[in-house]
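Here the sequence shown is numbered in our numbering, starting from -8 and rising by one per residue.
Careful, some of the hints might be misleading.
In silico lysine to aspartate or glutamate, EDC-like type, Cα no more than 20 Å apart, as pairs [claimed, not checked]:
#1 Lys87 with Glu37
#2 Lys87 with Glu34
#3 Lys77 with Asp46
No wet-lab data here; the hints were simulated from the structure.
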Amino acid sequence: QVQLVESGGGLVQAGGSLRLSCAVSGNTFSLNAMGWYRQAPGEQRELVAAINPSDSTNYADSVKGRFTISRDNAKNTVYLQMNKLKPEDTAVYYCKAHPIGSKQEYWGQGTQVTVSS
-8 QVQLVESGGG LVQAGGSLRL SCAVSGNTFS LNAMGWYRQA PGEQRELVAA INPSDSTNYA
52 DSVKGRFTIS RDNAKNTVYL QMNKLKPEDT AVYYCKAHPI GSKQEYWGQG TQVTVSS
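Produce the entire structure from the sequences given, and follow the hints as far as they go.
So this is what it looks like as structure tokens:
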């Protein structure tokens, strides 16, 4: 059973930083493509950043230069470092794991990020 547990969300002032973590258990973490998504109230869930098993990354235009995704295969964890946060970054942030070669996708429960102006 694959489980994802996010942590690190909270309330921060505009311009501040947060680091989200997503710990994965139940499969071979190094073979997962990992992604961070977010969903604001009344909005669709959107991709924020992704990293594949070879450490290739991609970012939404709205976060390029401010957010950094990384992974630690020894700790089965993916991170999202968020700097220069803006009120429009306020959302529930979700972690997703997609084992390469599989049609399965696994989601975490989400962590709230609130940026005050």
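Now the hints, each set against the structure:
Between Lys87 and Glu37, the direct Cα distance comes to roughly 12 Å. Compliance with the 20 Å bound is thereby established for this hinted pair. This hinted pair checks out: Lys87 and Glu34 have alpha carbons roughly 18 Å apart, not beyond 20 Å. Only pairs whose Cα atoms come within 20 Å are accepted, and Lys77 paired with Asp46 is rejected, the gap being roughly 26 Å.
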